[in-house]
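Using the sequences and the hints given, assemble the complete structure.
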Amino acid sequence: MAPTPTLRILAIAILAPTTHTPLLVRSFSSAPGAQLKYHYVVHSALDVIEERVRDTAQRPDCYLGLLFAMEDLAVYAYQTTSRAKLVVVLSLADNIVRDGEMITIFRAIQNAYSSYLSNPFLSLEPGDAQQRPIRSRKLERILDSISGVAVAAMH
Amino acid sequence: MSIRTPAQLKSLGDDLWKNRPEKLNAELFILTYGALVVQLYKDFEDYGEVNKKLDKMGYNIGTRLIEDFLACTPSVARCADFRETGEVIAKVGFKSFLNIAPSVTHVSPTEFVLTLDENPLAEFAELPEDAVQGGLWFSNVLVGVLRGALEMIQIAATAEFISDTLRGDEATEIRVKLVRYLEEEAPEADE
Chain Y
1 MAPTPTLRIL AIAILAPTTH TPLLVRSFSS APGAQLKYHY VVHSALDVIE ERVRDTAQRP
61 DCYLGLLFAM EDLAVYAYQT TSRAKLVVVL SLADNIVRDG EMITIFRAIQ NAYSSYLSNP
121 FLSLEPGDAQ QRPIRSRKLE RILDSISGVA VAAMH
Chain W
1 MSIRTPAQLK SLGDDLWKNR PEKLNAELFI LTYGALVVQL YKDFEDYGEV NKKLDKMGYN
61 IGTRLIEDFL ACTPSVARCA DFRETGEVIA KVGFKSFLNI APSVTHVSPT EFVLTLDENP
121 LAEFAELPED AVQGGLWFSN VLVGVLRGAL EMIQIAATAE FISDTLRGDE ATEIRVKLVR
181 YLEEEAPEAD E
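Here the protein sequences come in this chain order: Y and W.
Note that the numbering used here has the first sequence beginning at 1, numbered continuously upward.
Note that the numbering used here has the second sequence beginning at 1, numbered continuously upward.
A hint or two may mislead.
[To be verified] Partner residues aside, some chain W positions facing chain Y, computed with beta carbon under 8 Å:
| # | residue |
| --- | --- |
| 1 | G34 |
| 2 | F124 |
| 3 | V132 |
| 4 | G134 |
These are calculated hints, taken from the structure and not from any lab test.
Yeah, the Cβ is synthetic: ideal placement off N, Cα and C, and Gly gets one too.
Right, here's the structure in full:
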């Protein structure tokens, strides 16, 4: 019998390019106050992200790796080609998470995000699509399944 | 030997799609169509009007598309009845142009319903609430294409969407109804 997995995706966040405004913070924990907690975690991650991004100025599309760990969480980030930031919060576990696995997860999130941006009806709303908070049931459903899939793949 | 049975039609459709030399980049096509629908709404600000315009555009496309279709399918026998017309449209028409294979349900000898499991036109689209309320049929160009193409082969028919997964329905369905067979006459001028 495989031991109960202690590794799981607790939250996924999408941050706008340049301004780093959180466009979507989706938490998968049912604990009370979780949503607010992950907003705080993502916000704290911003400093580390900005520092790492400055170092890797030459290639926009890249995996920023493990940003930091706090309490029982590990925070990873990825910068897309449009310089949007994807942040994934994992619950810490004994098993090391390989870069390859994280990159696969980030690629899936990135594909979901570009599909969202390809919705032609986005242009009906005023303002810049890349800076607008995300309200898309389709995207949320995909993120839900990504977090579910990650759990299944880990064991 | 002419092609007639559903199985033969299906493999003809598959072959036509495979052998089509000029395939268009799917994303470009999908994004173009989406931009078109949204632009129509911006211009007319009424989803009912958008439906009508998409139908009209589809009609103009269909009257021309049928020529290409007939040229590519010399082996398909003249349809004996409207039921066969439905089979050819689903298995050869949709497959060779859009690479999708809707299923056909024959409601009556003069009516069939096409059920699209997937709709490439709507790949990225998410309808806003007012589009659903306003009755938008996002892929309405398809019903115009069917109507126009059939008219060029002397079949007067109506085609309309009866459900669409984009609107939250269970399935995406088009109902095609035969009105009457036409005598040989000059084609309708472009609307």
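Restraint check, 8 Å cut-off on beta carbons, for G34/W near chain Y = At about 3 Å, which falls below the 8 Å cut-off, the nearest Cβ of chain Y leaves the hint on G34/W intact, so it holds.
ask   = Does V132/W pass the interface check with chain Y, least Cβ-Cβ distance below 8 Å?
value = This hint is violated: V132/W lies away from chain Y, its Cβ roughly 11 Å from the closest one there, beyond 8 Å.
task = Tell me if G134/W is really an interface residue toward chain Y, meaning its C-beta lies closer than 8 Å to one of theirs.
result = violated (12 Å)
key: Hint validity - F124/W Cβ closer than 8 Å to any chain Y Cβ   = holds (4 Å)
Taken one by one, the earlier hints fail for this structure at numbers 3, 4, listed in ascending order.
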